[in-house]
Every structure is written in C-alpha cells, then in structure tokens.
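Take the given structure of chain A and dock chains B, C and D to it, following the hints.
So you can see what is in the structure, the chains are spelled out below.
There are 4 protein chains.
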Amino acid sequence: MRFGVIGAGRIGKIHAANIAALEGCEVRAVADVDEAAAKALAEATGAKVASIDAIMAASDIDAVAICAPTDMHADLIEKAARAKKATFCEKPVDLSAERIRECLKVVQAAGAPLMIGFNRRFDRNFAAVQARIADGAIGQVEIVQITSRDPGPPPLSYIARSGGLYRDMMIHDFDMARFLLGEEPVAVSAFGAALVDKAIGEAGDIDTAVVILQTQSGKVAEISNSRRAAYGYDQRIEAHGSKGMLRAENVHESTVQFAGAHGFTGDKVLNFFLERYAGAYRDEIAAFVAAVSSGKAPSPSGEDGLRAQLLADAADQARRTGQVVKL
Amino acid sequence: MRFGVIGAGRIGKIHAANIAALEGCEVRAVADVDEAAAKALAEATGAKVASIDAIMAASDIDAVAICAPTDMHADLIEKAARAKKATFCEKPVDLSAERIRECLKVVQAAGAPLMIGFNRRFDRNFAAVQARIADGAIGQVEIVQITSRDPGPPPLSYIARSGGLYRDMMIHDFDMARFLLGEEPVAVSAFGAALVDKAIGEAGDIDTAVVILQTQSGKVAEISNSRRAAYGYDQRIEAHGSKGMLRAENVHESTVQFAGAHGFTGDKVLNFFLERYAGAYRDEIAAFVAAVSSGKAPSPSGEDGLRAQLLADAADQARRTGQVVKL
Amino acid sequence: MRFGVIGAGRIGKIHAANIAALEGCEVRAVADVDEAAAKALAEATGAKVASIDAIMAASDIDAVAICAPTDMHADLIEKAARAKKATFCEKPVDLSAERIRECLKVVQAAGAPLMIGFNRRFDRNFAAVQARIADGAIGQVEIVQITSRDPGPPPLSYIARSGGLYRDMMIHDFDMARFLLGEEPVAVSAFGAALVDKAIGEAGDIDTAVVILQTQSGKVAEISNSRRAAYGYDQRIEAHGSKGMLRAENVHESTVQFAGAHGFTGDKVLNFFLERYAGAYRDEIAAFVAAVSSGKAPSPSGEDGLRAQLLADAADQARRTGQVVKL
Amino acid sequence: MRFGVIGAGRIGKIHAANIAALEGCEVRAVADVDEAAAKALAEATGAKVASIDAIMAASDIDAVAICAPTDMHADLIEKAARAKKATFCEKPVDLSAERIRECLKVVQAAGAPLMIGFNRRFDRNFAAVQARIADGAIGQVEIVQITSRDPGPPPLSYIARSGGLYRDMMIHDFDMARFLLGEEPVAVSAFGAALVDKAIGEAGDIDTAVVILQTQSGKVAEISNSRRAAYGYDQRIEAHGSKGMLRAENVHESTVQFAGAHGFTGDKVLNFFLERYAGAYRDEIAAFVAAVSSGKAPSPSGEDGLRAQLLADAADQARRTGQVVKL
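Residue numbers (this note's numbering), protein chains in the order written: chain A, 1042 to 1368; chain B, 1042 to 1368; chain C, 1042 to 1368; chain D, 1042 to 1368.
Chain A extracted, bound-state conformation:
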C-alpha cells in the first residue's frame, strides 16, 4: 500500500515511520505547508515532497494518512474520499458534529474506506481487556471505569483552540467507554472545574473532569480526567461484569523496586504519550492496512468518530447547564 502523508509534524512523523516499517507498505509522498518539515520527513522515509492536490491526484498513491491540524481534517477526508483513497485520519474528524455528519455523507457516497485514529484501542493492554470482554470472560459488562490524566497541561494557546477538555482530551475516553461498554450511552452527566490552573478556567475551559455515561440497559461508565498528574501519564481502564473484573494498569518506566527505610518505591508511569502508545500507533496503522487490504471496513470508523464527538458535546452541555443530558 502506497501512502501519501499529509502533515509532517509530531504525529505525522510517527505514522510515516510506522508505515515505512510495515511489510508491503511505503510512504510515496509527504505534504506540509512547512516545506522544511515535509522535506525532512520525505527524506527519512524515502518519499518525495508533494502538494496535497498532487497526492490526491496521484494514481500511484493508494492511501492517505491525515496528520494535519484538526480544522483541516474534514476537508481532507472529503477530498481523499472523492479521490477514492483509503483514508486514515487522526482524531477528531471535526470539532463540530454537524460538520462531521456532512463529511461522513461524502465519504459514504464515495464508498472509500475511512478509519479514525483512536489509537488507544490498539494499546496492547486495553485491546486485551476488550478482547477478553468480547470472549465473555467477565460475563455482562456492568461498570466501566476510565482514569486518564495527562502529565501536565498544554500551553494556554493550545487550550484556546482545542474545543475544550471534553472534545480534546476526554474524546479518547468516550471512544474507549463505547469500545468497552458495547452499547451506546443514552444519558450523560458531567462535572468539571479548573483546579490545575486558574488561567484555564479564565479561558473558558476546565482541567479536571468527571463524567458518567449510562446506556439504555443500565450499564454505566465513569470517566475521570485531569490535565496534570505528578507521577506521569496516568492511563488505566477497568471493566466490572457479572463474572468478574478486568483491568489494565499503568505502564511503568521499569520494573525496578527500591526498598529502604522509607518503604518500597517503584518508577513513575511512562510520561510521554508517544512512548506510552508507541506500540498502539504501530498496531493501529497495521490494522488499517490489514482491513483495507482485505476489503473490510476499517475500525474505528467515521461513525465512531461522530459518536465520540456527540458524547463530548453532550458532556459539555451537561456541565454548562448542570443537567443530565439525554441522547
């Protein structure tokens, strides 16, 4: 599969390197408004620099990986779909659910495959939890608990254009909740506050948030987010069911324990999301390639992207109105 990579920033580099390392795959072209970045990534992966239009028009490019800024995603997905490219796009499709709906109509009309980059579904630990749930290990899932905390808040400039914590950060957890619940939430309650940094609150956002989702049959998911954790990038999930419980604990920097007069100390958890999810990014692209190659619809789909966004919108509304929002 021959890829065009659009966006040569941090996440573009990750995907391009993973594509280049995949058997039977190559990066043909890299596009970025930053010429130097495009050139460097093209050289590193044996590709050429090209414009977005050239990538879309190229008959020797089968797939595109969209790693551009969020506000370009929907337009690029539509272009790629019309050009009949298999499309992998970083989350989110757009910050507006309305725009996502329009975009998915274009994709559907074009009949081109689309996968959204909810990378955590491909984490070795989280994927194993979901697979064992699907195998019936814990019977019926009843309560899902997701704890997700960043090591530290992003710059305020990023916060301002992020769409807010629910759409920018908890979006991953909404997707994970759906992945583990196996049912659509129909009610959302959301609380949040700016406890980490008052400036985040002054910018109209929150940095600490807890949300409950409930499905029609009564299953519940609780999601807990913070923009700051002193001990690293805290990423845990737990699913409680009729026959037992599955949980994926954090990944620590090492297995070393130091015991002394103070007690027993182990390392922090992996701090950087690119290290924490390095394997997930690899397996994600491999899953995209495997699905497209075998003619299956890649998953998570555009619809999954929309559903997560609707939950984020509902959470935002729930918190602002102080009411439970029904979907």
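Everything hinted at is true.
Treat identical chains as interchangeable: a pair holds within one or across any two.
As a list, the in silico BS3-like pairs of lysine-lysine whose alpha-carbon atoms are at most 30 Å apart:
1. K1239 - K1284
2. K1125 - K1146
3. K1089 - K1054
The set of hints was computed from the structure by calculation and includes no laboratory data.
As the structure is a computational prediction, the values presented were derived from the model and not from experiment.
Below, chains B, C and D alone, put in the same frame as chain A:
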C-alpha cells in the same frame, strides 16, 4: 469505661468482644429481645443480661454501644443521651434525615458524646490515606474515587427494608468521600440499575450504582457500587491531588502467587466484611473510648451521620428524577 | 485441654494468650523464675502461678507449653514426656544434636506427643504454598528459594549465646526448606560473613549467609539470610517446579501507594516478628491442640527439630572448612 | 560508523537492524557461509554481500559485529583486531579460557577496541539497578540474587555443543553477578542436576543449577537457573545492601489483571528472549558506537568475557568434584 451493649447480633458480638479486650474497658450488661442471644454474649464477655431501661438507668454504666436494628437507633440514641451516657451507635442514625435532625437536637441539648459507626474511617489503609492527605502529601485533593462492591447481594427481604442501595450501602462511601474531600458536596448526580438481580429492581431498588459529588470549590468524588463481585469484597479508594495520588488497594487472602502456563494468579480479596474490617472495628471502639476519656468530641459525629444521609437522599432523588440535585 | 505454660517472657505471653482464646482450652498454671512475670501472665490468662515440678505433677494439666530459655528445653521436654504431658516446645530442642537425640529417645520411650515450634509452617502464606505443592500445582519441586532477613541484629550478648546464625536464625529456614522440598538434603554448602557489624564477626559469628542444600534426587534449596534489612522483616519463599512456580511475597504494613514526582511508594514490610507471625502463632497452637485431641502425632515433630539442627551443624562446618558437607 | 556484520542468523539480523537504525551508522557488508541468508540481510539493511576477508580488508568499514558460531569468535576477533576494526562480538569469546587469553593478547597488542555482547547489562531494568547501586542507593552491596530460567530447553543437539549450562546459560548470570557485586568472586560452590529432561543428564549436562559466589570481602551472589519455566522467560535480579534493597522484577506480556471466582490473574512473562531483551540489544549496540566514537574502551570488555568464563569453568569443576573451588 463500663459499657452496656444493646443488640447481641453479629455486629453486637464484634463490638462487645472488642470492648472486652480493651485495656480499662468492660462490658457490664447486654440487652436483646432475643434472650438467648443476650445471655450468650453476656457470658462470653463476663457481663450480665439487662433490659434497655436498666442499662440506661444504671449508674455503673458509662457508655452504650447501640447495635440494635436501624429503626431503633434514633430512639436509643435519645434515651442514652438523656441518660448522659457516652453513645456509640452503628450507622445509620435513621433512614429519615428529618428524624436524624430531631435526634441530634436531643443529643445536643443533653450534651452527651455521640459517635456514629462509620467503621471504614478506621481501616488501617483508608485511615493512612486520609492522614497523608491531611499531612499535605498530595497537595490539594481534586478527585476522589471510591470503588465498593459487595461479594454478593443480601436477601430480598433485607433489600426491602434497607432504605435502598444509597442509604444502606453507599452511605459508607458518602461518608468516605466527605472524609477524603475535606469539603461538603453541593451537587449530586446519580445513576443506577438492577443488573445483578432483576428481582431487586422489581422491589424498587438498584444493585449497580455510580454517583458523582462535587464541592463548591470544584473538587469531585466518584463512587462506584455493585452488590456483587465475583472476586470478593472489593474495597478501594483513591485520591488525586495537585502533588500526587494516594490509593489503598484491596486486601487479599494471602500474598501467594501461582505462576504457570496460564499466567500469574493471586488470591481473591477478603470476602467477608467482618474479616476485611476486623482491625477497623477494633480501632473504631478504641477511638471512641479514647475521645470520650479525654473529653474530646468523638468522630465521626452525629452530624457526619446526618450529612451522609442527606447525600444518600440526594442521590436517590437524582436517580429517580434524572436530574442533578443541588444541596 | 488444660495447659501449663513454662516461661512468661515475650513468647510465653503470646502462646498463653492464644491458648486462652482457643475454644476448649485454658491456661491452668504459669511457671517462671521471675515471680512477677509469672504472676502477671497468670492473672492475664486466669491461671495460677506454679513451679515447674508442680505443673509436671498436676493431674489436671494435660499439656505443657515450653517457652523457657533454650538451654532448658531438652530437660523440660524430658520431664514433660515422663509426666505424660502433651508437649509443645519452642525451637530449638537444644543447640547440640547429640543432646536432641538423647531427648527424643526419652520422648519416644514415654510415648508422649511432642511438637516443636517452627511457627513459620503455620503462616497463612507459607502454609498455602506448601499445601499447593502437596496438591501438585507445580508438579515436581526443583528449586526452593528462601529469603529471610531480620530488621536489625540482636544485641551482641544474645549473639554470644545464640549458637550462631545457622542454629539461631537460619534454623527456621532449614525447616522451611525441608517442608517445601519434601526430601532430605544430603549435601550442604555454606558461605557467610560479618558484613552488618564487625563486632559480630569478632564474636565468632556471621550476620550475612547464603546456603545451598541438595537432596539425593537433585532438588536444590537456596537460603539467604541477613541480620539487617532497612525495609523491615523480609520473609519470602519461592518454589519452582515442573509445572510452575509458587511464591509468597512479604506482608506490608498497608496496601497504600503514594504516587508523586518521585515514583510510586508503598509501605515497608511488617517489622516485628510477633506482628508478622501473629496469625501463625495462633494457628500453630491450634494445630497442636487439634493433633493431640485427635490422637495424631503433632507436626513439626521432635525429629523435624533434630533434622533442622543437623543441617545447621552441617552449614556451620561447611562454612568453617570451606568444603561441601555430605549428610 | 560503517559496519561489517559477520553472521546473518537470528542474532545477526537483530544487530544489523539495530545498527541500520542508529543515527550515523550503517551496515556496509554482510558475510555468511549461507549465501541466501547473507543476501537477504544485506538487502534488508541496504548493504552488500562480502566475504569475511573482504570485510576485514575494506578501508570503508570501521567496525565489525561478530554474530557467527561460537567456535569462530576468537579467530574472527583476532582478524578484526589485526585489521584495526572496532569489534563487537557476541558472547562467549570462546569455550576455552586458554583460547580467550591468547585472543585477548592479540587484541591488546593490536590496540583495537573490543566489546563482548553481554546484552543483559543494557536491559532498562537491570541497568537501572546497577546504576542505583553505583549511586549508593543501597549502601554496600552484601547479597546478590539472580534468578534466570528459560521457557524451555534447547534441542539436545544444541546442548551437546553448548559447553554445558554453566558456560552457555549461566555465563550471563556470572557476568551480571560481577556487574552488581562490583568485586571479583574468589570462591565458587555449584550444584546441579538434570531434572527437566533426563536426556540432558545422559548427554553429560544439567538443566537445573544453583551456584554461590563469594568475594574476598565476604559479599555473596546466589544464581539460580532452570532450562524450563512454565510461565515464560524468568529474568529477575535483586541486590541487598546496607541501606536497602533493589530488585528488578519480570516483564509481563501486559498489565491486564483478570479477577474472578478463581482469584486475580495476570499475564505470563515475556516468553522469547529477543522480545524480552529487544531494548537491551538496541542500547548495547548504541553503547558500543558511543564508546568507540568517543575513544573510550567499550564495556563489557574482553576481560569481562574471560572473567565470566573462568567462573563458569570453576562452577563446572565445583559441581563435578563436589568441592568449593577457589579462584
């Protein structure tokens, strides 16, 4: 300190034995409508059988431990207060907040010490978490997470008169949330369903519940309850703050690990609440005795009992109305 | 079962309290050269003070618990056996294997039950490891690893009369090795040094020791001892077999974890042997009573006491000569 | 740095890929008697196929990585040293200590850098233990414990030419013991047996082994090996010192725990040494390149290779003679 113990059932036996084993304490009298039970417990602790009135009237009894059924608690607390006994009463004071308020007025007017049996505050692990929070180990508390699951549901007959999951089971967690947050919740959102046993739902109750509490300053507590856990009595707490995180994990039956072709297996968590909290019950009575002996107000107080009840009422209302309830 | 307790020191108090708490058992008499200690313990357990001879002669005493200094053990065991008392004796029988052999002849001739206090066999964790080995969980045992470290060294005065680390401290581990191997060792290699405190070396003893035992069929046990561990009383065992591995980890002060910029910290391991093995002491006496009551030979036996002593002697010789010692 | 890779088998592929991925490094040539293997690896890394002599003679090759069979190591090291190539050689230098000594004389005379592939020193966990020891975290090291068990035994044909368990398998642990002790062992005691497979015993080797090493100052290392572990590739180390203890636990397949009526189950440990030590192999070559580039002697050195071999020889002799061997 010379105690009268009212109620010779399961929890009465625990408290009586712990009182008898405490340096400087003794059980003087035991009362129970079940004469045989009263006699057996009196013999085991070197006490005599007496009526409730006799206990209240006895000049050689300094304190009473109320271990009778819930619907007798408020009346007994009032009697004991009027008799100027130091009173330890099992939770809850009453299932009606109005009745609790009246009762606490009587206690206050009498000026007698009263402690409510929220035993989990005295668990070695949970107490350590609270003590380290108080010491500033994690800075400002921002998110509290409480996971509390019974090994299996009680009989339906018990459910019917229990006051419902929030007042019967989650009441402990409401108290724990207040204990760890260090601030009063002002908003409550609650979800629940009967997923463990439909008959519980038909009886008007739930067996699976998730609640969020938020304080005025924005701190959040999430509480997760189930009436059934395949792996034992699941009792965990976690507090996330500006400088770090504290958590108390479950207590397992042993430290043994068995590794084989299937992986690594450890024991279930302690299954029976009387075993899990054996030390907490001992330390609870010791704390009551220590407080009363030194003239300090015992804690948790009657007011703590009321506060937890108000949260349970709010959660019940929140779930029934599908709305966030403000306090 | 009516006990006479000989020795009212630290360990005598433990055993007496456990006997008194056992259904159907009582402490009838306490003997100690320290009159005050005897009197205090007698009062605490509802017993009377008596001389050793009176205890031996008393027709209303069925069993004796020997908690006197080591150099009195063998004489007292012989007296008790001749008096047809069921005898529980703290380890070791004697520091001389020759003396132990004589003593066991007397016991055998008298036909009285004798149990030696290797308390660790009754630890909930270690007992579970042995039980699962016996159930075949790990197939054939091949390698046993025992790590045993005291929180700190005893006074030099104690070291001087202790018989040396192998006979005083590692004696427990020799018994545990036999318990887990299920076969008698036939070869012993031993290394040791005074690394904790030079004065221990100057007193002719060691404080750091590693020993290997091998059985006829080739199974191996490795034992690691230190007189000092900064993080508490380190007590771990592991058994590796054809089908898997069993291990019992340390018991920590709590299950609390504190996570911060430094990493994740848990509590030290229980520091004091009387706390670490509180349950083992209870179960040990209960096992003695159960065996004697049902007419079975209590275990561990006097022979077990002798075998452990012979291994200690062999280890001592192996270290001093720098040679492997065959048994 | 431009490398010639000699040997295109399993380990040759690992090193070649790691060299190719290192900034500023490339594989120039690959040699192997198996032409097809050489060609495939050359293509995968952008190198050409060449003979060993051509590699040695090439002026555009700075370094060689020797990944050929053990019996070729010493000859190849000598050739490379005479050709003034920086040399990385897989362990062991040779199965004969005498041959190693000769070889190291040639290397010394040539003045060319040589590093031996004791990969475990570069494992993230083990390296951290050693670094913290070096930083004084646990004070003086007193006892080192190394547990090393393969998932399953190699083919008998491999056993026959392996040099025996001590030289083939425990050689890594001898190096690790020296790495952690920071002192040379002067006495060796060794036990072993063929408990996993009798055929291994009939072939004159053992599959289960425990060894003690002691240094002049009295520090002790215990090493425990088995050729089979039902639960995966068991790789653990522990160091006990005057101020505390450091240990590196196993690396598991995931962090997932499944709790049910049976207890709590986690995954096996990583089963395949190439996965378990993938990072160690990367860091090992990077350390070689960094040392050579900066003109420092790479470590572990040829002398380290010799020392480990002498300990293996001593252990073999100790076990065969049933005596402690002094070095």
